[in-house]
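Quick mapping for you: the protein sequence lines, in order, are chains A and B.
Counting from 1, one number per residue, gives the positions in the first sequence under our numbering.
Counting from 249, one number per residue, gives the positions in the second sequence under our numbering.
Treat the hints as calculated values from the structure; they're not laboratory data.
Backbone N, C-alpha and C fix where the C-beta goes; we use that ideal spot for every residue, glycine too.
Do not rely on the hints blindly, as some may be mistaken.
[As the list claims (entries may be wrong)] Across the chosen pairs, the derived CB separations fall in these ranges: (1) A:S13 to B:Q271: 26 to 32 angstroms; (2) B:G263 to A:P244: 41 to 47 angstroms; (3) B:M249 to A:G140: 41 to 47 angstroms; (4) A:E75 to B:I267: 20 to 26 angstroms.
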Amino acid sequence: MIIVSNLHKSFGSKAVLKGVNLKIYDGESLVILGPSGCGKSVLLKHIIGLMKPDKGQILIDGEDITKLEQTRMDELRMRMGMLFQSAALFDSLNVEDNIAFGINRHTSLSKRAVHHLVSEKLEMVGLPGTNYLMPSELSGGMRKRVGLARAIAMEPEIILYDEPTTGLDPIMTSAIDELHLSLKEKLGVTSIMVTHDMKSAFRVADRVALHYGGQIVEIGSKEEIMNSQNPLVQQFVRGEAQGPMTQL
Amino acid sequence: MYLIKKAKQFLNEVGGMTILFLQTIYWTIRNIRSGKFDVKGLIDQMAHIGVDSVLMVCITGVSVGAVLVVQIGYQFAQMGAQGYVGGVVALAMAREMAPILTSIVVAGRVGSSIAAELGTMKITEQIDALDTLATNPVDYLVVPRFWACTIMLVMLTVLVNVVGMIGGAVVAVYQIDLTLESFTNSVLEWLRVYDLFGGLFKAMVFGAIIAIIGCFKGFTTSGGAEGVGKSTTDSVVVAIMMILAVNYFLTVFISNLNSIIF
Ligand SMILES: Nc1ncnc2c1ncn2[C@@H]1O[C@H](COP(=O)(O)OP(=O)(O)O)[C@@H](O)[C@H]1O
Ligand SMILES: [Mg+2]
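So that you can see chain A by itself, here it is in the shape it has in the complex:
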């Protein structure tokens, strides 16, 4: 279980997280919604230990990761995967070496076994046969999918998705969502997904949270969110230009 409690983070004078509280249960898919720039990516980066909070705790299976030393953090990260909003592929490595990066660093599988594994992951994200392309030869959507293949390559128990379907066509979006669901169902993966895509959110979520103004303002099951009386939630879910979010 992941417990985020009272998380605060500022950059200079700009407070981005102002007391985030969140619980993610094992095997659950949590979707975080929220307007651009509200700190969703920053929150994910705290959960995987890339950023240190100014205040607050993040417990993963009871361990406070904000205080872990590097070796222990790395052990935890071996059980986690993150898909970055920008994909963050290594420019100097081809698709296969990108996806196999963790495997090559942390296991001693043979080259053939690695190739086989990579090809399987590429198949899963709908990019078979692209093993030897360089990231610069890929479109934005393809990069995202390679980033996803890299995130799932070590078969992590926890996956963080930062806008996995932004920039993908609707067909690819469904395919990625199905992959997301099948990872959850077949392997019991716990996941946190940040997205703007309502359709995608409601397809994969067990629960949905709304991040706004540096806090989680609402969290609940799909039905609860759909029927929420909170005007912020209503505006965001319906995608209305007028409402409490626009008044700031």
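Chain A is already provided as a structure; the job is to place chain B with the ligands on it using the hints.
Chain B with the ligands in isolation, oriented as in the chain A frame:
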């Protein structure tokens, strides 16, 4: 006020660089102990540095060797001191010119490209991605660049010494009318192994400085493509200043050591 702010910023940076240097040493020792030192990565980086700078370094070497002989040669010939030309030029090359000029060329060529590469990785979150893949960026990126730069600077300085003296010899023979024999005899008489090694030791330190500054500037890049440009030029300016400052202390150290040993 402005100066105080700048000075503070500079001290902060030196602190950051020192920490990066210590981390690099830590990861090197740790990798050697666990038998995981990335030899292939090191060789790749060395080849990269070699290809990038060998031509420019050779041109610089030949040109400086030749110019030194012209400058010193005529003067010494007028005073009837032809026999010293080779020796003086060789000493100047080995002790100062070769290590300093090589490292300035390499700072411009290699230091800047390290800063640009790591800076781009930083702003495109590739450095974060390394962390999420349980890979320490200092271990993966800095260690091979640091040792490659250190080793290559020594090798390139040897090369500059050699091509510089060849350039000098050619000029001495065809322009100053010295015989090749008197030039080489003079070199062999005056130049000691200590001078050569002193120069190579400097080159090693300068290589380390270039790599650490390039990596530090890369890692601390922010603000998009513009930020990468700034880190790149900063890395060259700071590295050259640092090299010139450190050179003074190294020179004092080497010559004091000389008087203790001999
Ligand atoms: N490393 C950083 N340094 C300074 N400011 C940052 C940094 N990362 C994010 N921010 C700021 O934090 C805010 C939230 O960013 P982000 O989490 O990326 O938003 P989003 O919710 O769209 O993912 C933005 O205003 C951004 O400028
Ligand atoms: Mg984001």
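Quiz item: Hint numbers the structure violates, sorted upward?
Solution: none
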